[in-house]
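Asker: Spelled out, the chains give:
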Amino acid sequence: MYVKTDPAEPLDVELTGRNSEVITIFDAVALRAANAIQYTVALDLSKYKSMDLIIISTLDVAASIGMKVDDSWVMVKDTTYKKWDIISTYGSTVPIDAGGTFLLSTIDLIGAPVFQQLTVPNVKIGIAVPTTASSGSITVKLVGVLN
Amino acid sequence: MEQIQTAIEWALQQSITLNEGTVGAESFAVTKNTHRFLVDKVREYFNIKGIPYNTFSYEDLVPYLGGIASVEAKPIITPAIEVELENLLLAEMGV
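Respectively, the protein sequence lines represent chains A and B. The numbers in our numbering rise by one with no breaks, and the one at position 140 of the first sequence is 140. With the second sequence counted from 1, adding 147 to any position gets you our numbering.
Here chain A stands alone, though its shape is the one from the complex (with noise of 0.2 Å):
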């Protein structure tokens, strides 16, 4: 393995990772009530091929996060690995726990049926309490991979 030893030498450098660009789909939002609940405006996701969500709660309770797509919730299939899974059939929300940083991913959107047919933008993502909060916000981050 060659060493570099003279730190004037120039560094190799590979370029690795992928155009992506993020934006804060939720900041710091408070919720309070039982079952309040949040959207965001209508998005257009189709200048993504796949997105991942970073979500960080400091809420003292469970909360929830579904995406809405001509106002029927997608499914989320796999709430274990906390995944998303995009079937275009009426499904579920992903459970958040209470505190703590999560990373959903990671939604390929080419390969999603529903998203196939997507024209204007009408994808909602929605944030939930089941409960009564009581101290914490949740915010949320989506990371757009460009077309």
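Keep in mind that the hints were calculated from the coordinates and are not lab data. Just so you know, not all the hints are guaranteed correct.
To give a feel for the contact side, a few chain A residues facing chain B, derived at Cβ under 7 Å [to be verified]:
hint, residue
1, D27
2, A30
3, L31
4, R32
5, A36
6, T58
7, S135
8, G136
9, S137
10, T139
Footprint (simulated), chain A over chain B, 3 or more residues, beta carbon under 8 Å [to be verified]:
hint, stretch
11, 179-186
12, 201-211
Simulated DEER-style distance windows between Cβ atoms [as the list claims (entries may be wrong)]:
hint, chain 1, residue 1, chain 2, residue 2, range
13, B, G213, A, A42, 25 to 33 Å
14, A, V22, B, L165, 19 to 27 Å
15, B, Q150, A, P10, 52 to 60 Å
16, A, P10, B, T202, 48 to 56 Å
Where is the CB? At the ideal position from N, CA and C, for every residue including glycine.
With chain A's structure known, arrange chain B on it following the hints.
Answerer: Relative to chain A, chain B alone:
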């Protein structure tokens, strides 16, 4: 609403410790730019004072932040210290 303004002012004097009780414990001052910390502390103030509130977010606090002076970290080296350092350096060089 005056209570929100007071809550924000109180929150901006607080700090938050992450990983409390562990070797990785770290304290952060609450500032206008630490959205999550600010909201959590404003909520804490409402709870302490028994002020009723509904769901709110950082966006709801933004209109109240304009009148509050920024609490950005002050530079460690002030102009006075800078002059002193320069004098010390010159003395060391025998100038």
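Asker: All hints are to be evaluated individually against the structure, with a verdict given for each.
Answerer: Here's how the hints hold up against the structure:
1. D27: holds, 4 Å
2. A30: Check passed: Cβ of A:A30 comes within 5 Å of chain B, closer than 7 Å.
3. L31: Holds - the Cβ of A:L31 comes within 7 Å of chain B, reaching about 5 Å at its closest.
4. R32: holds, 4 Å
5. A36: Because about 5 Å separates A:A36 from the closest Cβ in chain B, which is inside the 7 Å limit, the hint holds.
6. T58: holds, 6 Å
7. S135: Holds: closest Cβ of chain B sits about 6 Å from A:S135, inside 7 Å.
8. G136: holds, 6 Å
9. S137: Holds, about 5 Å.
10. T139: With a closest approach of 5 Å, the A:T139 hint holds.
11. 179-186: holds (count 4)
12. 201-211: Held - the stretch 201-211 of chain B has 6 residues with a Cβ nearer than 8 Å to chain A, which meets the minimum of three.
13. B:G213 <-> A:A42: 25 to 33 Å: holds, 29 Å
14. A:V22 <-> B:L165: 19 to 27 Å: holds, 21 Å
15. B:Q150 <-> A:P10: 52 to 60 Å: 58 Å Cβ-Cβ, so the 52 to 60 Å window holds.
16. A:P10 <-> B:T202: 48 to 56 Å: holds, 53 Å
Of the numbered hints given earlier, the model fails none.
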